[in-house]
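Chemist: Please construct the entire structure, taking both the sequences and the accompanying hints into account.
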Amino acid sequence: MASIQYREIDGRSAAFRTLVGALGILVLAGLAAAWYMEHQGHHVTGMSNRIVWGVPHVFAVFLIVAASGALNVASIASVFGRELYKPLARLSGLLAITLLAGGLSVLVLDLGRPDRLVVAMTHYNFKSVFAWNIFLYTGFFAVVALYLWTMFERRMNGFTQRAGLVAFVWRLVLTTGTGSIFGFLVAREPYDSALLAPLFIVMSFAFGLAIFLLVLMAAYRGRARALGDALLHRLGNLLGVFVAAVLYFVAVFQLTNFYIARQHEVVRFLLIDGGVYTGIFWIGQVLVGGIVPLALLFAPATRGSRGALAAAAACVVAGGLAQLYVLIIGGQAFPLAMFADKEVSSSFFDGVVASYAPSLPEVALGAGGMALALALTALALKVLPFLPQSLADGDAGSAAP
Amino acid sequence: MNPDRRQFLGWGAAAVAGAALAPGLRLIELAQARSPEEAASALKRWGLLIDITKCADCDDCVTACSDENGWKGHGRPETDPQWIRKVSLRDKRTGYAQALPMMCQHCEHPPCVDVCPTGASFRRDDGIVLVDKHACIGCRYCVMACPYGARSFIHEEITGQKADVPRGKGVVESCTLCVHRVDRGETPACVEACNRDGGKAMVFGDLNDPAAEIHRRIRSEPSSQVRADLALNTGVRYQGL
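Taken in order, these protein sequences are the chains called D and A.
Counting along the first sequence from 1, when you hit position 122 you're at 122 in my numbering, and nothing is skipped either side.
Counting along the second sequence from 1, when you hit position 237 you're at 237 in my numbering, and nothing is skipped either side.
Among the hints, a few may not be true.
What the hints assert, rightly or not - Covered stretches of chain D, as calculated for chain A (at least 3 residues, CB under 8 Å):
(1) 41-47
(2) 119-128
What the hints assert, rightly or not - Okay, the calculated beta carbon distance ranges per label pair:
(3) V241(D) - D125(A): 52 to 60 Å
(4) H134(A) - S13(D): 45 to 53 Å
(5) R93(A) - R306(D): 57 to 65 Å
Stated by the list, open to error - Cut-off 35 Å, straight-line C-alpha distance, at most; resulting in silico cross-link-like pairs (DSBU-like, lysine-lysine):
(6) K133(A) - K127(D)
(7) K72(A) - K342(D)
(8) K342(D) - K200(A)
(9) K72(A) - K200(A)
(10) K92(A) - K133(A)
(11) K44(A) - K342(D)
(12) K382(D) - K127(D)
Keep in mind that the hints were calculated from the coordinates and are not lab data.
Positions of the beta carbon are idealized from the N, C-alpha and C atoms, including for glycine.
Modeler: Below you can see the structure in the form of structure tokens.
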């Protein structure tokens with residue numbers, strides 16, 4: 001069995017420098033936005049006492065969910081023994097780390113007191129899902145780093161499968177934890193469902209693979225490296241299955257709401273008369289994030305086209321952000337149900353749909369986190385041999401672990 | 001002794017007795033107050049009983065809370081803090097209208113405390129739910145978890161704070177049941193204002209103390225909890241809801 005040659009990317013081309021420069025500017029803009037928000041206080045954002053988690057959280061949760069999903073390609077190789085995916089395992093592990101780093105940066109910089117991060121790292125309330133997640137996130141970095149080490153270090157190759165299994169189980173628990181942040185909110189009707197944990201897991205499969213595909217295609221574009229059609233085709237099929245699974249879980253989640261009388265107003269709000277949230281649900285989440293990518297991936301006219309695959313992956317990313325916008329912000333905008341059968345009003349916006357408009361600093365912070373993840377990825381690809389020299393169809397599948 | 005003189009001596013004796021007894025009564029009050037070193041006792045469960053049939057068309061409780069605790073608006077209603085607010089209710093079918101003050105319900109099983117990652121949100125042994133302003137990282141998960149919309153996030157720099165009520169930008173706060181007054185043996189500012197200027201709708205006391213009015217009334221009169229379905233066993237109870 002011929003072993004595959006991994007190589008750093010050249011990283012001297014104008015395109016690479018432009019990319020890293022542009023990402024660097026976005027990261028700086030994100031840092032500036034965070035400084036501005038902390039300095040002025042959060043009143044300069046679109047967030048309020050009714051919408052306490054805004055666009056930064058949409059980006060942060062998206063990146064954290066995508067991070068665990070990006071590890072899937074490596075898991076398929078190590079845990080499920082698919083040789084075809086083995087050459088991609090290193091990139092998969094790298095993206096898992098960089099996306100998580102980007103997401104956590106946004107989350108931390110949006111805190112009211114980011115300077116007290118040390119408090120969060122030293123004082124734990126073990127009943128809090130957030131506190132569990134602090135361990136799950138830091139543990140994920142360690143487990144994936146170990147996993148990557150077993151792949152890079154020839155003497156450790158024998159442990160790759162076991163490390164991969166640990167990382168796979170860890171990522172399932174991690175995404176369960178992320179979904180449970182919302183699933184355990186008993187007082188809010190739009191959340192409060194154990195179904196959010198498996199929903200977040202399938203979301204992670206789709207979002208993570210979409211980003212993985214986009215990064216993979218970008219890394220092999222215009223360079224002297226071959227990327228086989230058969231490999232891309234398989235990854236595309238897999239993406240289609242994941243996108244369909246997300247739609248399935250969303251359908252089941254909403255159908256249960258239709259069935260339960262006390263949930264009727266929530267489902268009405270999200271799916272029928274919730275204004276901007278209804279629009280983003282149907283157009284952003286369902287159409288752009290679900291139907292369009294499925295059509296691009298499986299319609300005879302576009303099936304097998306690289307452009308269509310990239311477009312489908314981009315749609316999944318956009319649809320994923322839309323889905324989290326509806327879930328996180330729409331879920332808060334829906335009024336708390338404190339008094340059954342009563343119309344409620346107050347100076348604190350009880351009983352009305354809370355208004356929210358994203359502000360520039362919030363968007364800059366969220367985009368900065370995404371840019372940080374991509375910049376870290378680009379720099380890592382330049383300094384360490386994450387990518388095989390060739391992923392041509394004949395070469396892929398014959399790699400060392 | 002002529003009547004005037006007798007009356008004068010009578011009043012004088014009463015005044016002397018009052019002057020002699022008052023410090024003693026004050027001493028009893030002080031003796032009953034908790035010393036700063038003494039831990040809150042789980043034998044007590046501080047609570048409020050609010051009879052909304054008496055809740056007048058005023059916001060004296062809100063004003064008193066704001067004055068006592070130093071929270072005020074900056075002309076930005078969506079981000080301004082509100083520790084207590086008047087909520088208007090109207091029955092969807094019958095149109096029957098009511099109003100009530102809504103604030104932290106000081107739950108026995110507070111969701112805000114459950115979700116707080118650092119333990120900054122905590123429940124004292126005597127049932128008062130508080131935020132440790134030095135341990136709060138400003139994640140706002142407690143605001144997401146509170147069923148009553150009772151918590152506010154401080155969206156800007158704060159000036160002119162009250163010595164008894166530490167506050168700060170970037171952390172979450174809510175009704176403290178005027179813990180600083182309760183620890184001195186006094187009642188919360190909202191209750192005092194309601195009984196002085198308002199509809200006399202609010203009673204404060206120890207839910208566990210058989211001698212307390214609040215205890216007697218919840219034993220003998222109907223009362224309810226907001227979102228009783230969540231089984232949080234709130235310290236704030238309502239009548240007439």
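Chemist: Hint by hint, note whether the structure agrees.
Modeler: Each hint tested on the structure:
Coverage of a stretch by a chain is defined here by at least three residues with a beta carbon nearer than 8 Å to that chain's beta carbons; for the segment 41-47 of chain D and chain A the count is 4, and the condition holds. For the segment 119-128 of chain D, the assignment as covered by chain A holds, since 7 residues bring a beta-carbon within under 8 Å of that chain's beta-carbons and 3 suffice. Remark: the range hint 52 to 60 Å for V241(D) to D125(A) is upheld by a beta-carbon distance near 53 Å. Take H134(A) and S13(D): their Cβ atoms lie about 51 Å apart, and the range 45 to 53 Å holds.
Between R93(A) and R306(D) the Cβ separation comes to about 60 Å, which falls inside the hinted range of 57 to 65 Å. For the given pair, K133(A) sits about 20 Å from K127(D) by alpha-carbon distance, which is consistent with the 35 Å threshold. A C-alpha spacing of about 29 Å is found between K72(A) and K342(D), which places the hinted pair at or below 35 Å, so the restraint holds. Taken as a hint, the K342(D) and K200(A) pair is honoured in the structure, with Cα atoms around 25 Å apart against an allowance of 35 Å.
Straight-line distance between C-alpha atoms of K72(A) and K200(A) comes to about 24 Å, which keeps the hinted pair within the 35 Å bound. Restraint check for K92(A) and K133(A): not satisfied, since their Cα atoms lie roughly 40 Å apart, outside the 35 Å limit. This hinted pair checks out: K44(A) and K342(D) have alpha carbons roughly 34 Å apart, not beyond 35 Å. Restraint check for K382(D) and K127(D): the C-alpha separation of about 42 Å exceeds 35 Å, so the hint is violated.
Consistency with the previously given hints fails for numbers 10 and 12, ordered from lowest to highest.
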